[in-house]
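**Q** Numbering-wise (this note's numbering), the sequence shown opens with residue 1 and increments by one.
Keep in mind the hints are simulated off the structure, nothing from the lab.
The reader is advised that the hints may include incorrect statements.
Unchecked claim - Distance windows between CB atoms, simulated: (1) Trp50 x Arg72: 28 to 34 angstroms; (2) Val89 x His29: 42 to 48 angstroms; (3) His57 x His29: 40 to 46 angstroms; (4) Val89 x Val46: 18 to 24 angstroms; (5) Asp81 x Leu25: 50 to 56 angstroms; (6) Ser88 x Leu25: 39 to 45 angstroms.
For each residue, glycine too, the CB sits at the ideal point set by N, CA and C.
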Amino acid sequence: MSTLRAPRLTSFAVITLILTAAIALLAPHLVSVTLYKLSLVTLAAVLGYWIDRTVYHYLRPHELLQQSDLARHQGDRVTADDCSANASVATIRRAIIMAAVIIAISLGA
1 MSTLRAPRLT
11 SFAVITLILT
21 AAIALLAPHL
31 VSVTLYKLSL
41 VTLAAVLGYW
51 IDRTVYHYLR
61 PHELLQQSDL
71 ARHQGDRVTA
81 DDCSANASVA
91 TIRRAIIMAA
101 VIIAISLGA
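With the sequences and hints as input, model every part of the structure.
**A** Okay, structure coming up:
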């Protein structure tokens with residue numbers, strides 16, 4: 001039996017809407033600028049994610065974790081540890097690429 005769950009990052013979306021409403025109340029003339037900046041940062045995050053997926057299509061973190069689990073179940077601890085370490089590095093790599101794109105877009109706007 002499956003349970004109904006909210007989509008990922010729902011809490012961040014709610015917080016963003018609350019803060020946008022607060023800006024609309026406190027400084028209505030800044031709403032358009034805020035939405036523009038928010039859309040640029042969001043676009044940059046998505047672009048950074050897809051750049052990572054495109055360039056490193058063969059080293060995706062979740063696939064490395066699946067390989068680690070498979071090796072662990074087969075009793076190959078060395079391969080499992082290597083895949084787990086590679087998954088950690090791939091996750092950090094993805095975060096760095098996304099951060100770089102977000103900073104580049106934010107500074108250029």
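**Q** Would you mind marking each hint as holding or not holding in the structure?
**A** Okay, the hints, checked on the actual structure:
1. Trp50 x Arg72: 28 to 34 angstroms: holds (30 angstroms)
2. Val89 x His29: 42 to 48 angstroms: Holds, since Val89 and His29 (Cβ atoms, about 45 angstroms apart) stay within the stated range.
3. His57 x His29: 40 to 46 angstroms: holds (45 angstroms)
4. Val89 x Val46: 18 to 24 angstroms: With Cβ atoms ~22 angstroms apart, the hint holds.
5. Asp81 x Leu25: 50 to 56 angstroms: Roughly 53 angstroms apart at Cβ, these two residues keep to the hinted range, so it holds.
6. Ser88 x Leu25: 39 to 45 angstroms: holds (43 angstroms)
Hint check: no violations occur; every hint is consistent with the structure.
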